[in-house]
Amino acid sequence: MDTTCSAKDLAVLLSSSSNSTSSLAAATFLCSQFSNISNKLSDTTYAVDNTYLLFSAYLVFAMQLGFAMLCAGSVRAKNTMNIMLTNVLDAAAGAISYYLFGFAFAFGTPSNGFIGRHHSFFALSSYPERPGADFSFFLYQWAFAIAAAGITSGSIAERTQFVAYLIYSSFLTGFVYPTVSHWFWSTDGWASASRSDNNLLFGSGAIDFAGSGVVHMVGGIAGLWGALIEGPRIGRFDRLGRSVALRGHSASLVVLGTFLLWFGWYGFNPGSFLTILKGYEKSRPYYGQWSAVGRTAVTTTLAGCTSALTTLFSKRLLAGHWNVIDVCNGLLGGFAAITSGCAVVEPWAAIVCGFVASWVLIGFNLLAKKLKYDDPLEAAQLHGGCGAWGVIFTGLFATKRYVNEVYSGDGRPYGLLMGGGGKLLAAQLVQILVIIGWVSVTMGPLFYGLHKMNLLRISREDEMAGMDMTRHGGFAYAYNDEDDLSVKPWGKVEPTSRSSTPTPPLTA
Amino acid sequence: MSGALSCSTTDLAVLLGPNATAAADYICGQLSAVNNKFTDVAFAVDNTYLLFSAYLVFSMQLGFAMLCAGSVRAKNTMNIMLTNVLDAAAGGLFYYLFGYAFAFGSPSNGFIGKHNFGLKDFPSASGDYSNFLYQWAFAIAAAGITSGSIAERTQFVAYLIYSSFLTGFVYPVVSHWFWSVDGWASPFRTDGDLLFSTGAIDFAGSGVVHMVGGIAGLWGALIEGPRLGRFDNGGRAIALRGHSASLVVLGTFLLWFGWYGFNPGSFNKILVTYESGTINGQWSAVGRTAVTTTLAGCTAALTTLFGKRLLSGHWNVTDVCNGLLGGFAAITGGCSVVEPWAAVICGFVAALVLLGCNKLAEKLKYDDPLQAAQLHGGCGAWGLIFTALFANEKYLNQIYGEKPGRPHGLFMGGGGKLLGAQLIQILVITGWVSATMGTLFFILKKMKLLRISAEDEMAGMDMTRHGGFAYMYYDDDESHKAIQLRKVEHRSPSPSGVITTPV
Chain A
1 MDTTCSAKDL AVLLSSSSNS TSSLAAATFL CSQFSNISNK LSDTTYAVDN TYLLFSAYLV
61 FAMQLGFAML CAGSVRAKNT MNIMLTNVLD AAAGAISYYL FGFAFAFGTP SNGFIGRHHS
121 FFALSSYPER PGADFSFFLY QWAFAIAAAG ITSGSIAERT QFVAYLIYSS FLTGFVYPTV
181 SHWFWSTDGW ASASRSDNNL LFGSGAIDFA GSGVVHMVGG IAGLWGALIE GPRIGRFDRL
241 GRSVALRGHS ASLVVLGTFL LWFGWYGFNP GSFLTILKGY EKSRPYYGQW SAVGRTAVTT
301 TLAGCTSALT TLFSKRLLAG HWNVIDVCNG LLGGFAAITS GCAVVEPWAA IVCGFVASWV
361 LIGFNLLAKK LKYDDPLEAA QLHGGCGAWG VIFTGLFATK RYVNEVYSGD GRPYGLLMGG
421 GGKLLAAQLV QILVIIGWVS VTMGPLFYGL HKMNLLRISR EDEMAGMDMT RHGGFAYAYN
481 DEDDLSVKPW GKVEPTSRSS TPTPPLTA
Chain B
1 MSGALSCSTT DLAVLLGPNA TAAADYICGQ LSAVNNKFTD VAFAVDNTYL LFSAYLVFSM
61 QLGFAMLCAG SVRAKNTMNI MLTNVLDAAA GGLFYYLFGY AFAFGSPSNG FIGKHNFGLK
121 DFPSASGDYS NFLYQWAFAI AAAGITSGSI AERTQFVAYL IYSSFLTGFV YPVVSHWFWS
181 VDGWASPFRT DGDLLFSTGA IDFAGSGVVH MVGGIAGLWG ALIEGPRLGR FDNGGRAIAL
241 RGHSASLVVL GTFLLWFGWY GFNPGSFNKI LVTYESGTIN GQWSAVGRTA VTTTLAGCTA
301 ALTTLFGKRL LSGHWNVTDV CNGLLGGFAA ITGGCSVVEP WAAVICGFVA ALVLLGCNKL
361 AEKLKYDDPL QAAQLHGGCG AWGLIFTALF ANEKYLNQIY GEKPGRPHGL FMGGGGKLLG
421 AQLIQILVIT GWVSATMGTL FFILKKMKLL RISAEDEMAG MDMTRHGGFA YMYYDDDESH
481 KAIQLRKVEH RSPSPSGVIT TPV
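Going line by line, the protein sequences match chains A and B. The first sequence begins at 1 in our numbering and counts up one residue at a time. The second sequence begins at 1 in our numbering and counts up one residue at a time.
The set of hints was computed from the structure by calculation and includes no laboratory data. Treat the hints with care, since some could be wrong.
With a straight-line cut-off of 25 Å between C-alpha atoms, the simulated PhoX-like cross-links for lysine-lysine are [as the list claims (entries may be wrong)]:
#, chain 1, residue 1, chain 2, residue 2
1, B, Lys417, A, Lys278
2, B, Lys365, B, Lys394
3, B, Lys269, B, Lys37
4, B, Lys37, A, Lys282
5, A, Lys278, B, Lys269
Isolated chain B, as found in the complex (with noise of 0.2 Å):
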């Protein structure tokens, strides 16, 4: 693209001379080739930008599944990985066959989408595969994170018919309602009755997919009850430690690097313009978003790492990796949508937020080997509230359309209806996902086919269930070492010592 584009009047004043109809045909037929081109270079921009952020997203799943294998004990590895894989999996196949039409498939009413099962009539005007791929990665991580407050004690089975259930529909409704063009509180809703004027602004799924996944997860939790030892008889809370902090970190960095899919990316496009011809457009908008997100899990990570300096006296690397996560959570709902400085702000409380939760879950006898729902449910919640604080009215405008008097952020004098449609949503969701999936995990238990057994449970999942222990380090072949179904009596001397340094 060399030479500038640019037109002398009086030049082109002389030279159009009598034979007019020719000239205008060959210049009206240039322009509309230009204008052709310039559509295809937008739509390939846009799905280029939209798949590599699909392609991260999806490495959140990696993340995920290192962050709970390295939370459990070693003797659960493989069960908690496998259901990870198996999220994905059957997440695939469930939300290409049903989700996304429940979620998107619209023209459609409020509550759930009709059209586009197993991607019928697809690609449309209003979204293509890369749409489908992207969509499919936010919804098997809602899966996921339901997977970690169940860990270590749930049958495979159960994983199954939850992970299928959540991502073929309790999720794809609830997407439906936040983001489609049709949803009764969506802030896309084109048929301009907006909930209180605004619909409630999730930009990413702090409520969509985080409360979802942690609400779902605390039902679970709830009802098969803690892990074996994590409360003792004088209800002191033990710490049930995960087997690998290396796993937890790697975790860790690459649900971070996949956020920077995950929240930017949900903007779907990045070629839009606001002011055209200037710096002005949706590019600087989606580095903002990277920015906000940036900061505020950096400003929870720093949080926790004095809160718990102060709390129990050392610094703890699992509780930064779980603190930063919280703060990622949290700016989830809003990142698009406040200032930098508000973001370092949403992150500082989100910290609070999840010490806090943590200590509730203790005091009331929840166990969540993850955490998963005081991160995600809880930061997740403070999220959408914060989004209602801080919302700043002009990035509310270049995102969810023009609105003259759009209600925005309370502390940046947008009134309290943000707050208010906020709200709703996360008493909503609670609901719903509490009236799905707790029944659902609630006729899991009564037909038996929630929880393992106790002498299981004290064996490892690994060694009764999933074809023996995940790690072997040695090649002397002690007897439990080996490949073999055969249950291992938990509390006998181990044979081959303990190990202490993996090589």
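Only chain A is shown next, with the shape it has when bound in the complex (with noise of 0.2 Å):
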């Protein structure tokens, strides 16, 4: 595509201008040249739009080892293995069942409100088909569609059988994420604040810009019915009620996982734009959607730190010491909380939300305990509670310039407290209904029916033991050679109280 141009060539065209065959001709090569000049841009819209969501997907899926750390050095050492795994095998299972439907699911288009259908996405068999839905699309919503069945392992961790993960975590990421976010994303979806055909919920659409609702809620109330149903860790609440804290075994783990989750919340939450080449206003042309994505950045890391030094002086007054673990959980609370609005909110507006998190997280945290409902990761209490706030925050918070120019509108409604009235909290609300309802309802009879058939939590003398030991070939660490079980790779540990039993149960 050559914008070259001969200037002699074309003053001759264009000297006989009387003569209108040769001013047409000239006409004609200036258009051409300006279309060569658009396909050009074009192209580099693409491969600028397409680097942007590409990098964006890699930090995503860093959130998967961040996860996987962050749980790995949250539960103790005799079940560290059996809890990597499943953040591997969350990845991996992920891949496939979202590749066959999962995606199709979410994002099959031209479709209905419920769920996505269109063939050609099933197994990407007719991609990419028009610009917007590349493969770098597919690649970023995989590693959002995982994300959300890690956050479920930590709920149920220490506790639940291998078989179980696998199962969860495909149906899952290949169903019942994927429709939440048909609802809440896609083009077709009936609370979608992007519905093509106009026909938005109150007029406005529900606003989850990175999914506080679709993946964090998901994840969270999955997780919470998981625990529910399978019931505290043996040792966590004594019999006189009291709890007991199972200490992470490892500190140094969980920081590098949160800072990893901080890492990368930077391609989940600006990356959730999809392009970043596009202007706002002609008058003002450094202003443009990479605008936007640097505020959300801002947003992002403005609500984290507000939430961990919220929780670092509340833990401080409550506990009496500095917590880094109880900071590393309030910081991510406060991630789980901005990303619904990080995108259409002031960056104060941000401290605020943060700030709450922080206490949102401390109050659920209570009541788990009043309850005796254990999460080894607070995953219910952080993913699904801190992500519940932040819905409501996105209704009360939400700027009119900023969601009208990332929904591209005018006049939609906007946050309460920001003069937007009441449509946009009230889309919100329901959106928090119907997503605590559906994964209720989804998730809540498959751990059920595996709770009945005996297929979810393991024996009270694996759990004792320690998974590693009895299903995952022995202890993650050996730090001595006479840790090295290679001559007796079964008879080595000593759980708590009790000598080792012989030879452990290899049920799956």
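With the hints in hand, could you dock these two chains into one complex?
Here it is, written out as structure tokens:
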């Protein structure tokens, strides 16, 4: 595509402009040049946007690693290999189920408001079809899907059979989660703010930019049901009903995981714009989607940091010391909350979001303790609770300007506290109720069915000995050669107070 | 970029009046300026893309360091991690001085490059600093692989020597053959004399990187022999377990993350159109490559999970991690030229190849602490064959230039020429690396510079050569936990007791 131009030739054509054939030829030439320019711009835009989205996808993928390390550090050493294997498998099994059907259920268009169904999206059979729906988009959405499944694994850690993990994980990534993302993110979804047929819920649609509800609440509520149905870990609540902290085995892994999740969140939130090369206002050429992307990274940062600081001081007051694990969880709660409105609120509002998120998490943790609910990663409280707060927060603080820029409209409802009326908040509340309902009626029965078939929780003996020894080939760590179980791979470990079982059961 | 670029023929014709030359000059000047801007934009976008891909590939060094650390015994942790740091550091220097020139210094002959030593005459139309950095990150990956095979029993001096030689000479020559514009087997060859009318297709290096690293490791491990205690007197294999599954998983995920730079980044450019003005461009192929990479690794992981469950009776996370990596090593050769569904097949077979190679290694009493030769060598070779079976004609034409009747995947109706080229690649890499690295390791052994003594091996290399134990979880300073260079008698009962729960 050449935009070169020969002045001599063009002049000849132009000079005899009284001759209409030549001026037509000149004009044709000029127009073809402009057409070339237009094509080049379009190519450039695709290259830039795909680069942006692909690297964002890689960042979101890094959150799998972060969550794996967070999980590992938060559980006892005897269950480390188990929890890490579930994280690896969430990603691996999720790739297959999301590729085969999950992506199609989520985004297969044209379709109805409930679920996607266009044949060409199943196993990416005739992909890519049009702008904005390229492989980078698939990879990005896959990375989100496996995040949701990962969250749930935290709630049921340390006491769940591996087969149950495989089953719930494939079902969540392949069906439950894609359906929810269809409702709120596809152009057909009944509650989507980007619905193309203008029949928006309450004239607004629910605004959940990067998934406080779609990802975090879905993962958290699923985890809630799993943990409720299988009950607390042995020893978590003593006979008098007091809670006993079952401390994780490595604070270093917790911090490593938290920072990696933070790092990856810069793909999760700003990346949800999907494209970056778009100007918003002719009069201000420096202001475009790239600015909004940057602003989103800033709101994300501020919310997490505020939540971390709030947690730091609150826990200092409540527990008497500076607790790094709690601060890490508070940080993540702030991120989970801002995820919904990160693109449509001012930076100062993000500080409010993080501040409240910290208290929401502390509150839910106290409630969980009261109700004797055990969640090794506080996943339901953090992702479910702070996620729900995040959805409400958006209904309160979304600004008029940003809502109309991001969701291209005019006169859309916006945050209640910003003078935008109550319609957006109403849509947000509907989102919360509907997600709780849908996930409860799908994942609840699944976990219950697994429980009834004795496929959910592991045996008491296995739980005391630790899942790594009994199901995963041995202890995760071997710091001295005496720990080297090469000669006697099974007979080594001394769980709490009893001698080890001679041959641990090899039940799956 | 608001407002559409449109043009009305009739309107413009009216405006073009008598003073034509000035108008023509002005218009052509504007178009020329626009053209220049586009050129600038393309370079900026492509360099950004390649640099960030290079940073991702670099993070694979971290991943491999953690994988190695977790896979060896605690008493050798500092040693293996130091070798990983030094692979990157020494590699940086030697690749800058000669490696890049041997690999890509063109114009040159089919065997080896001969320009750009020390990045002289850089940048040029054919490459900028981003290309150098990207290729450096690849070179140190190859050297890193080899260190896995000879872990826990190799003298540090031997590491320095083999690593510099591999990164500075052996590897660059191979990359010249298959990736430069002069290479005798390269599909990018510009003089029209392609091997079997196609050249060998190894997009991101199943052969060039993984087989080179794996075969070099094979010779090192063969020549120095298994670790003490790996095979007992009855010939049975004894697992010498790694000391931290957490580090293994950390390392594996970091390698996965970095692979998104390794495979898609190998396009070098993203702003290339296949059909201007449409979505049909290299950005799409880049995304597709990220998807094929993902699918192959995930399938290999799942296959390994269930395969090992059947074979050994439990769900093994470290085996799943290795299977995952084997899938990635295999898809690396054909990631850009196959359909996503084919990547699923690639991963499935790669898992079986790895299981098979490991069984064979056990039978032949070959000890490789990281399974590097089996994984990178074995799965890498499978990856080259896979490409010969499933390469898609359209993608080959888009990437390697339009050639009517181009040989492509055997199962896609493309004939057997590509398979022929791939088999040549496998043979030639095996031969070249064996001749160079095999000889080097043999000489080192003869000069008693290769393997450490039996006492040092029992005590652990960290204590005897690296200043002390890598971990210190308790403050009670038992003598053998302090930083001293005394040898420790392994057989005596360890005073501080067994560490079961690191803090």
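Now the hints, each set against the structure:
The suggested pairing of B/Lys417 with A/Lys278 is violated, with an alpha-carbon distance near 46 Å, which exceeds 25 Å. Note on B/Lys365 and B/Lys394: the hinted pairing is violated, with a Cα-Cα distance of about 45 Å set against a maximum of 25 Å. A C-alpha spacing of about 17 Å is found between B/Lys269 and B/Lys37, which places the hinted pair at or below 25 Å, so the restraint holds. Proposed proximity of B/Lys37 and A/Lys282 is supported: the alpha carbons are some 20 Å apart, at most 25 Å.
Using a Cα cut-off of 25 Å, the hinted pair A/Lys278 and B/Lys269 holds, with the two alpha carbons roughly 22 Å apart.
This entry does not satisfy hints 1 and 2, going by the numbered hints stated previously.
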